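Given chain X, put chain P in place with the hints provided.
Just so you know, the sequences run in chain order X and P. Numbering-wise (UniProt numbering), the first sequence opens with residue 1 and increments by one. Numbering-wise (UniProt numbering), the second sequence opens with residue 1 and increments by one.
Please keep in mind that the hints were generated in silico from the structure rather than gathered at the bench. Check the hints yourself; a few may be wrong.
Copies of the same chain are indistinguishable here, so a pair counts whether it falls within one copy or spans any two.
Straight-line alpha carbon distances no greater than 35 Å define the calculated DSBU-like cross-link-like pairs of lysine-lysine that follow [unchecked claim]: (1) K280 <-> K269; (2) K520 <-> K661; (3) K661 <-> K322.
This structure is a prediction, so every number in the text was calculated from the model and none was measured.
There are 2 protein chains.
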Amino acid sequence: MPVSSLSRAIPAASLDLAELKLMANALRALTMDAIEQAKSGHPGMPLGMADVAAVLFSQHLKFDPADPAWPDRDRLILSAGHGSMLLYAALHLLGYEDMPLDELKRFRTTHSRAAGHPEYGHAGGIETTTGPLGQGLATAIGFALAERLGAAHFGKDIVDHRTYVIASDGDLMEGISQEAIALAGHFKLSRLTVLFDDNNICIDGSVDMVESTDQLARFRASGWHVLRIDGHDPEAISAAIDEARASDRPTLIACRTVIGFSAPTKANKPDAHSSPLGTKEVAGARANLGWNWGPFEIPDAADAAWKAAAARGKQDRQDWIKRFAQVPADRKVVFERCLTKSLPAGLSEAVLAAKRGFVESAAQIPTRKASEQVFDQLSRLLPELISGSADLTSATLNKASLRAITPEDFSGHFVHWGIREHAMVAAMNGLAIEGFIPVGATFLAFSDYFRPALRLSALMGLGTIHVMTHDSIGLGEDGSTHQPVEHLAALRAMPNLLVLRPADGIETAEAWEIALQNRKRPTILALTRQPVPQLRQDAETQNRSALGAYEIAAANGEAQVSLFSSGSEVQLALAARDQLESEGIATRVVSVPSFELFAEQPASYRAAILGTAPVRVAVEAAVRQSWDGLIGIDGDFIGMNSFGASGPAEELYELFGITAKAVADAARQQLKRKGVS
Amino acid sequence: MPVSSLSRAIPAASLDLAELKLMANALRALTMDAIEQAKSGHPGMPLGMADVAAVLFSQHLKFDPADPAWPDRDRLILSAGHGSMLLYAALHLLGYEDMPLDELKRFRTTHSRAAGHPEYGHAGGIETTTGPLGQGLATAIGFALAERLGAAHFGKDIVDHRTYVIASDGDLMEGISQEAIALAGHFKLSRLTVLFDDNNICIDGSVDMVESTDQLARFRASGWHVLRIDGHDPEAISAAIDEARASDRPTLIACRTVIGFSAPTKANKPDAHSSPLGTKEVAGARANLGWNWGPFEIPDAADAAWKAAAARGKQDRQDWIKRFAQVPADRKVVFERCLTKSLPAGLSEAVLAAKRGFVESAAQIPTRKASEQVFDQLSRLLPELISGSADLTSATLNKASLRAITPEDFSGHFVHWGIREHAMVAAMNGLAIEGFIPVGATFLAFSDYFRPALRLSALMGLGTIHVMTHDSIGLGEDGSTHQPVEHLAALRAMPNLLVLRPADGIETAEAWEIALQNRKRPTILALTRQPVPQLRQDAETQNRSALGAYEIAAANGEAQVSLFSSGSEVQLALAARDQLESEGIATRVVSVPSFELFAEQPASYRAAILGTAPVRVAVEAAVRQSWDGLIGIDGDFIGMNSFGASGPAEELYELFGITAKAVADAARQQLKRKGVS
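Just chain X, same shape as in the assembly:
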């Protein structure tokens, strides 16, 4: 089926240059007005990139303000998020309902949709949260990949759009940019176009002061189509975007611009970057632009031009709606689940079957292996699940039977990301926004490599799932560099992030169920490299891990001791309990797969789980920080207070004193200290 796609209405040579200048100046004027009003903001980029934006919106971008969520719209990612006013001004002029003039007037004030940096969910047209440099560019890999996946999985008749990125020199300096560039080049993401605001100014001064890289050569080295243009020449801009659209590779358009364009003394200077220009400079800029209107005032001609630009996509969207109506239901079902972020039936049954399997086999296996078994079943039910690993597939075990995608064939469900944890997670954010269920994997210690992107998952409320294996000193010989110690605490500190550390096969199955059900926050699955025993036998009960913490072994009689633990150390707590019980010390054990879920339980449940035993001991092969909230100041903690070491896992547990004996000893001593026995 031939598919319509917006083509430029008029050849570049016959663009209405006066109208485009007016459109661009409207962006500039609103930018200056909003920033002056807020007494805060970054005018430099919007003033510089206004011409590019005017051409993009009026000639190329496929969108319809009447439905900002239209699935087949082109995506525009403002990676240079500090230039947020460029986007807000455009959205306002285009008539996006969420962005009335009042929002611009309230730019950077509390509760405004026009936040300091663009925030996903604040308004239609903001495709993703940006600001931390490099993130937008790398997230755009996810958007562009989602388009290719969508075209392959759901059909080119309903998924056929492009992704544009506006990026700054800062985006290109951040390391994550190289990971993104390499991935886009490798996968030949030809629907991706990066408009580089090549203004040669950073905060500290001229970019030349800190960068000698030939960016065009750099992108070319990774298989991109590249070109350089005058970013203030509408014809050149439009022709370049045409060229990008015709390329079979991703395209970099380096747009030579003047930061703070039109500002009489601050243009082309770092001063224009991140502070209001000030009344005098704004007046000069308005004069230079020939902009004779008052603050927040838009002349009719500019308004009409922007409204005309807004109307361009209407027909395309109508056509798409018609095409979509004709798509047979069986081909639409997964696509629609992606749109609504709903789940198919049968997942709970698969989880139950997996739980039964663990009880039956009773095998000692690593939780990463248990995870693979569960994942294998669940992934068969979820074509919208896109898994991947940062070159550790054979260790993280999250491929199962999935077929890998290649630059030539996007019909698979697994991405070999290469050793690019950071771009992997940023791209997962893009995939998640597009409705896929992205699963990414590496060792837990290397979660540090992707924290900035994970933070955006949590901030945006995206259901990314992170398979983090080798979750403690239990990984053994690879040593301290690979052994997470502080990572569990550091991850548990992050708002809106679920951290799950299952203790056995059953808890692992439950953890997967929880992860999949949480489409509005990311989940970390912390899994062992080393085998652990199957602790629970109650396959049939509801998801106990979903309570965050629960009593996995009761005391015989009134508990004198409560032991708390997670993951591979729950077995130590249970062994310590056996020992203490054998000495007549009534001891209960609480498994704590998730601090966050526990914190969400009713106060009465939390109190019951904390219990009334006078003695509390926690054991986890990690730092204490997270556990204070359960065991209190006078509780004992058996765990790590240093980095790990290289050696066999069993030896390391002995070396660092993380043993059942140490747990029992601590309980006995605390009993004595507190005068209980």
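Structure of chain P alone, referenced to chain X:
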């Protein structure tokens, strides 16, 4: 003064190829033996890069095993740290005292110097800890920069050496590599040579599967000299290193190698990468190499060749010692302080003067501004201090009067790192190892971008200092992406890292004193963007912040309430105390600039500071996690439990309920709940 530097003894064309092969095979045999013995390890890289290593050690590298710490030795960084056996085997064969055969036999066992990945401090010849990919390459920027700084600051007669890096495809995929490559190219670090193990195999399969970047073109784009050779051809290797030494730019030598070279079925396959080859495969490899000796057995000819290589640098070191003896004392003083990591006199006086200044001026200033004032004084006393900022110099305020270095002039003391937080901190690790005092800066929220490198600072015990400004929602309008919330807790979770969050000018001065005195662990200085009042008047007292926590305001009478706080929120705790005291509720306030230092105090002091007041409330504009250990399960916490928002700082404090009133309310309610009043 003409300076000797090792030149190759013989032209490449007349190398003793048989001897070099024997030397390389000795590395291969020891690698296989140690890994088989450990039943764990990564044979692929050492087998592949043995020829390169044999040529480098025997023909080019300047070193003397008699003094592994000889300051003017060449540095070899094994960025591909998983190939640790390559380095251990070489060090052993060269006669490094720390690496007897027994250590190789105990490879990857507990307490062995031969850890899974090379760990700084375990043995001479291990220049830095590597393993997390990309770190070695980026740390090498610090080493190469230190050499240039040393030559400029101390004299080319005593600092004149080179830095070599062995890097893998994984190192080059990690984003941090681009930051490092760009910096090396920009600063024209011609003394840096990267030997890229270009074997086209990663764990998941062929590198082609995940990477289409032309690495030579990529490095060339950043100003590197590049060449590609057969990594098994000693003449080509030696000639390439000669070419690198002659270049005025950093050099990439892509060495085409066969991973697992000589292994009959596993060579050139991912199987060779990270698992023992197994008895049969090892036997085949030995046969292929013509290696007829037993495990851990080295034939005399190989031993002699390695010992001859080891002897090459002896004369050079003797000459250096003579030259060094002739250097006048005034030119050596800072150099020697770098070697011993000692500090000059006068720092405490400068800190005291700064403290007095804050009391006298009584001005409300941000702690970042207070930091600048202290830093300005201290940096004048410390020529070994190398400061820098990730393109936020005007915000992080850690340049003061320092002059920036440029590619042409390394006599300055400030580095404009560009927006490259990750490589900045990795390079700071290199600078710190070389004895400089590196100070690096960005916003606290962006500490996430450099956590993997910071972790290595902490693991290696390096005194890097991190000026982290904009440390809470108090930064205001830039919004949630820029506002740290979980970062303080996440950083406090890291072993061997000092986190200091000063409350006013005096605490800021004290924090700088602490940071400089801690040359064996990194320090985070969390500083405000917004002004805070000068709380303390006791400029003359000892460094109270060094206690970690101390009573900044006593209760009138027996305390009913203890309030705990840090940084910009201490003023809120003090205001709440005033209110509570006015109501007759005896209230004390504890300022907690550092959890780590507090934890190191004697139990009696800690108990006294926790106090006996039945009510405990903490306030910090961040998550609660860190504070449970001070206020207990039943204490109240006023802070953040979500991400921040965009708006003026004062409004945000109200919005998130972080106010003196909220603190006082919580205290009153807790008093009631506990039935105290």
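Within, between, both or neither, where K661 and K322 count as close if Cα-Cα is 35 Å or less: Neither: 69 Å inside a copy, 59 Å across copies.
Up to 35 Å between alpha-carbons, please classify K280 paired with K269: within, between, both or neither. Answer is within; shortest intra-copy Cα gap is 16 Å, inter-copy 67 Å.
Checking an output row: K520 and K661, CA cutoff 35 Å. Within, between, both or neither? Cα proximity of K520 and K661: across copies only (33 Å, versus 41 Å in one copy).
Against the hints set out earlier in the document, a violation occurs for number 3 only.
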